[in-house]
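> Listed here are the chains, written in short residue letters.
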Amino acid sequence: MTTAAGKRIRGRTASLNRFGAGTQAAFHIALGLFALLCIVPFLFVIIISFTSEESIRQIGYSFRPLSWSTQAYQYTFRLGDQLWRSYFNSFLITAVGTALSVLITFLYAYPLFRKDYSRRNFFNFLSFFTMIFGGGLVPTFVICKSVLGLSDNYAALIVPMLFSPFNVIIMRTFFQTSVPMELIEAATIDGSGEYRTLFRIVFPIVTPGIATISLLVALGYWNEWFLSLLYINKNMNIIPLQYLLMRMQRNADFLAKNSAMIGADASRAAAQLPSQTLKMALVVFIVVPIACAYPFFQRYVVAGLTVGSVKG
Amino acid sequence: MKRFLCLVLSLALALGLCGFAHADELPTITIMFHGSNVTDDSAVLEKVNEYIADKVGAKLEVIWGTWGDFDEKATNALATGDSEVDMLFTCSWSADEFNTYAKNGFFEPLDEYFDKDPEFGDALKAALPEALMQAATVEGPEGEKHIYAVNGFKDTATQNTWDINVTLLKELGYTVEDVQRLGFFGWGEIFAKAKEVKGDSFYPFLVEPAVAERMVTNTIIVTGDSGSVNLLSYYLDPADVSKADAKYGNVLLNKFATDEYAAFTKQMREYYLAGYINPALAVAETSNDTRTNAQKEAAYLIGTQSYAYGYEYSAEVIARGVEVQFLPCTEPYVDTTVSQGAMMAVSSASQHPEESFRFLALLNSDPYLMTLMNYGVEGVHYTLDEDGLLVFTEERANYTPWTNGMGNVTLLPDTQAEGKGFREAFKEFYASGKAVPVLGYIFNNEPVANEMAALSNVAAQYSLALDCGAVDPETELPAFLEALNGAGMEAYLAEANAQLEAFLGE
Amino acid sequence: MPENRMGALRKQAKNRGGRRRKNLWLDTMVLPGAVWLLLIRYLPMFGIVLAFKNYKAQRPNTFWNNIWKSKWVGLDNFQFLKSPDTAVMIRNTLGYNILWIILGLIISVAFAVMMSELSNRLLAKSYQTMMFFPYFLSWVVASYFVLAFLDPTSGMIPAMQKASGGAVTNFYHETEWWPLILTICNLWKNIGYSSVLYLAAITGIDATQYEAAAVDGATKWQQVVHVTLPNIRTMIVILLIMNVGKIFNADFGLFYNVPQNSGSLYPVTQVVDTYVYRAYANTHNIGMSSAAGFLQSAVGLVCIIGANAIVRKIDPESSLF
Chain A
1 MTTAAGKRIR GRTASLNRFG AGTQAAFHIA LGLFALLCIV PFLFVIIISF
51 TSEESIRQIG YSFRPLSWST QAYQYTFRLG DQLWRSYFNS FLITAVGTAL
101 SVLITFLYAY PLFRKDYSRR NFFNFLSFFT MIFGGGLVPT FVICKSVLGL
151 SDNYAALIVP MLFSPFNVII MRTFFQTSVP MELIEAATID GSGEYRTLFR
201 IVFPIVTPGI ATISLLVALG YWNEWFLSLL YINKNMNIIP LQYLLMRMQR
251 NADFLAKNSA MIGADASRAA AQLPSQTLKM ALVVFIVVPI ACAYPFFQRY
301 VVAGLTVGSV KG
Chain B
1 MKRFLCLVLS LALALGLCGF AHADELPTIT IMFHGSNVTD DSAVLEKVNE
51 YIADKVGAKL EVIWGTWGDF DEKATNALAT GDSEVDMLFT CSWSADEFNT
101 YAKNGFFEPL DEYFDKDPEF GDALKAALPE ALMQAATVEG PEGEKHIYAV
151 NGFKDTATQN TWDINVTLLK ELGYTVEDVQ RLGFFGWGEI FAKAKEVKGD
201 SFYPFLVEPA VAERMVTNTI IVTGDSGSVN LLSYYLDPAD VSKADAKYGN
251 VLLNKFATDE YAAFTKQMRE YYLAGYINPA LAVAETSNDT RTNAQKEAAY
301 LIGTQSYAYG YEYSAEVIAR GVEVQFLPCT EPYVDTTVSQ GAMMAVSSAS
351 QHPEESFRFL ALLNSDPYLM TLMNYGVEGV HYTLDEDGLL VFTEERANYT
401 PWTNGMGNVT LLPDTQAEGK GFREAFKEFY ASGKAVPVLG YIFNNEPVAN
451 EMAALSNVAA QYSLALDCGA VDPETELPAF LEALNGAGME AYLAEANAQL
501 EAFLGE
Chain C
1 MPENRMGALR KQAKNRGGRR RKNLWLDTMV LPGAVWLLLI RYLPMFGIVL
51 AFKNYKAQRP NTFWNNIWKS KWVGLDNFQF LKSPDTAVMI RNTLGYNILW
101 IILGLIISVA FAVMMSELSN RLLAKSYQTM MFFPYFLSWV VASYFVLAFL
151 DPTSGMIPAM QKASGGAVTN FYHETEWWPL ILTICNLWKN IGYSSVLYLA
201 AITGIDATQY EAAAVDGATK WQQVVHVTLP NIRTMIVILL IMNVGKIFNA
251 DFGLFYNVPQ NSGSLYPVTQ VVDTYVYRAY ANTHNIGMSS AAGFLQSAVG
301 LVCIIGANAI VRKIDPESSL F
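Residue numbers (our numbering), protein chains in the order written: chain A, 1 to 312; chain B, 1 to 506; chain C, 1 to 321.
Hints in this document: simulated from the structure, not taken from any laboratory. Possibly wrong hints are sitting among the right ones.
As the list claims (entries may be wrong) - The list that follows gives simulated cross-link-like pairs (lysine to any residue, SDA-like), each with its CA atoms no further than 20 Å apart: (1) K125/C with A25/A; (2) K22/C with A186/A; (3) K296/B with E54/A; (4) K246/C with F166/A; (5) K198/B with G60/A; (6) K69/C with G143/B; (7) K22/C with S192/A; (8) K296/B with A25/A; (9) K47/B with L411/B; (10) K115/A with D27/C; (11) K22/C with L183/A; (12) K296/B with L183/A; (13) K296/B with Q58/A.
Said to hold, decoys possible - So the derived label-pair ranges between C-beta atoms look like this: (14) N49/B with G220/A: 31 to 41 Å; (15) V40/A with G186/B: 46 to 56 Å; (16) F321/C with N49/B: 50 to 60 Å.
Keep in mind it's a predicted model, so treat the numbers as computed, not measured. In this text, a Cβ means the ideal position worked out from N, Cα and C, and glycines have one as well.
Chain A with its partners taken away, still in its complex shape (with noise of 0.2 Å):
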């Protein structure tokens, strides 16, 4: 083995790892091109929600209002205390919840890879069977209200979503695709224990995978709004923003479809409602922390596209 051979193999290695110019110039095209169509509807909300209400009634949505206006964003700013402190709730309970929930579906998805595990089939059957069964809303409303007791506490706006199925299987393929078995029957070897070699050598192998799921439940968190219209009845110091944000739709929702009832009533209270530009200026409130927060995740996510480009 001299070292011109190997650097001709390597040589060779490397234009044949990587596609051709144009090929590459072609994918950045398509993908440039459904990036920027994903990414144009968020501009569009933004520019809505300084877009003035002059504009709007004038030629509608555009991209390019007549006149620009903060107002949306003084308006959510006079919802003061309530703001902030669903804003607040907001993260607080995606934080706890990301937490707990990647944890427990960390845990319960390593055995399920694990051949050598006798009640592997059992377990994974009992969390697969739950994402096409149900029970239905009702009947887990009130499991979940009366026999937990999970009524206007934090615990309402966790628990419920503590655990997907989905999340298992995504997290067992991970281990299936990324952790050979061998490691672990060394490590076995070595005298370390389960939970040892879980922590220790499995975990820093299926960073990816943790942290696609920890974005997965974490957006899920972050977007309920829901379990707060089931299960928050009177202690409303705990409700997300999102929440906030659905409760005003979902007025102008009921508004628009029971007017005829309810008379000049519901004219009246529709004449309180928020406009579109105040749902807007929400809509960004929401959508910024995700859009700050999922570059940090994408590091890990992506942890792989450096894998990747040592092999280029």
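Since the structure of chain A is provided, determine the placement of chains B and C on it from the hints.
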């Protein structure tokens, strides 16, 4: 296995419930309201609990349901037999629809409590008109009639009006008399003029399509009919609303199969094609936003509005900045739907029905409590001016329940905005409402529930677009009628009429 | 000899003991999730009986008692299937789902492969970040965006049509556009998400496999076909099976909010979920909605078991269970 599980669970539940009762404390009763905008009720509840402790013998807690979440919360609480919700708003149009839920046993019959607590019961009976009591007396699970709710005083008569932008009308050289004389089928020339003056993006005819349909055809809502889109019509005599229309008589009709409906859609089509109607009104989700905004900005000439007494003097109408007049289609009338417009029922899952009844009776007969619950605390949420009229403070923004949803609003004092004597005039206006011939008729749709589910989907598909003129009635109306027949309209109609005959025979 | 045998036996016994202990340790890992599943997913399953009962309040009015004492009505709650709309909603639900499963799979795998192969890491990351964005937005918000394009009075497309003097398309009353619009919306929202899953799987592939292939003289295209695709096969199959299991369920917001609940569009937007929702809004019949949910679950279960059985025959490694 399931049986066993059920048993164990119900035992666990029962034990859990018993465990928390403290003998020395007053029990807590909880009431759920609709349409509230309340962020801070502490000051009010403190006063309320002081006041009711001896009288009612309980402590009050409130769930301030909003427009958007009440339906979900109320139906969940009822369906799950939630003992934490003792009293809740109900009516003929909300999701916890009064007649259905009473019939299925979810509400507590109140008759016995009137006798048990005569002091409260008599005060309540004295405070509410007989007609309201009657409307709250409906069939229970066994088919026997009981009082199932305390009926509030929301606009107890219906009057649909044409909402006219008089300022613009004058500018165009017409008067309200012209509008009345020309009538719905003759407004084309006024609209054309408006379009000419105000430009192409101005839509003069601002309708809530389903309401416009009832106004033009002189029909009423039939209680128990499909809620989101009505399927049945009952024709009134426009000259005297206490009589049925001479042409049809005392009968329920397929709303969409009459000549009147065909004529209405044909005219709407003409207006739509001429550009008098905003196309956004013809799409379910954008319809009301569009209407509310245009109304707010007075960007219309003629609109529809179901009227409530004093509405023309309300802040919302004044804020439009133009002269507005409401031109009634008929005299105010009382039908079943409106007589059940806002009520409070006691859940049959409540552990404290007696206290709940006492509270509801007190709320609806005691001006102090009603004012406190509705307008808040004097000196905090409002002050009184030299005439004794209410002036709201800024704090009111944090405590704005839905006034008409709370109960007997005739107990309330006049506010400065309403002016002196408002409540008296309010009572008089609603007392003048004439009863329609089918007042008290409630269609029990249970025997045709499956047909109704299918029919309402068909109707939702066609009716809004037709009512608005967005599609051509020449082709769409026959297709619609055929689809309705395919979905079981005949059976539905037959059941409704059979029940009506039985009702009229009584 | 005997001593050796004894040693082997002792070793075996020790192994068995070790195995049992190992299993116990693994049991403790599964425990929290299993408890959650039992409490929040399995316990409420008794509610399935609601699909076969005429649920009414009983005396005393508690949920358990109501379920217990309400009358059995057999299949009455499934009568909603007799409606003439049934064929339309089933066609729509299955049709859109099948189309989107296929399109979604092809496009998101393609995008994931492309992204993994770009040499400009920074751009690749930006694309990925941007493509994930729609997943943040709810359908309600997305529906505003669609409305901004299609609104008959102020939408961008009708405004352009007006400006160029052409006939204005009234999108919310014309059915022929909606299969396309809904497909675009669905792909727009979900591609970023599923391609991240595939991408994460691709990045987990051992780099030496590519090197080995390269040494064997495989071109990049060949490497994609022979290294990348086989390695993410498990992920593809699993997502596929799971989508097949949901073939009778539809994304409610997409079919309800995005078309603005426009009645004229029902022939192409009515799906099982929207139909049941609309019917429930009118009748508030718990039995019927339970029946519909039960039906969706049952169909899903049959589909998923079928799909899994097929996969297991062809490629046992990738099967779900």
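> Each hint needs a verdict: does it hold in this structure or not?
Hints versus structure:
1. K125/C with A25/A: Distance of about 16 Å is within 20 Å: holds.
2. K22/C with A186/A: 15 Å, holds
3. K296/B with E54/A: 13 Å, holds
4. K246/C with F166/A: Cα-Cα ~12 Å, so holds.
5. K198/B with G60/A: 18 Å, holds
6. K69/C with G143/B: 18 Å, holds
7. K22/C with S192/A: Given that 20 Å is the threshold and the Cα spacing comes to 11 Å, the pair holds.
8. K296/B with A25/A: Roughly 53 Å between the alpha carbons, so the hint for K296/B and A25/A is violated.
9. K47/B with L411/B: 18 Å, holds
10. K115/A with D27/C: Given pair K115/A, D27/C holds - Cα atoms ~14 Å apart, limit 20 Å.
11. K22/C with L183/A: At roughly 16 Å apart (the allowed maximum being 20 Å), L183/A and K22/C satisfy the hint.
12. K296/B with L183/A: 70 Å, violated
13. K296/B with Q58/A: 14 Å, holds
14. N49/B with G220/A: 31 to 41 Å: Since N49/B and G220/A have Cβ atoms about 40 Å apart, the given range 31 to 41 Å holds.
15. V40/A with G186/B: 46 to 56 Å: Check passed, 48 Å falls within 46 to 56 Å.
16. F321/C with N49/B: 50 to 60 Å: With a Cβ separation near 57 Å, F321/C and N49/B satisfy 50 to 60 Å, so the hint holds.
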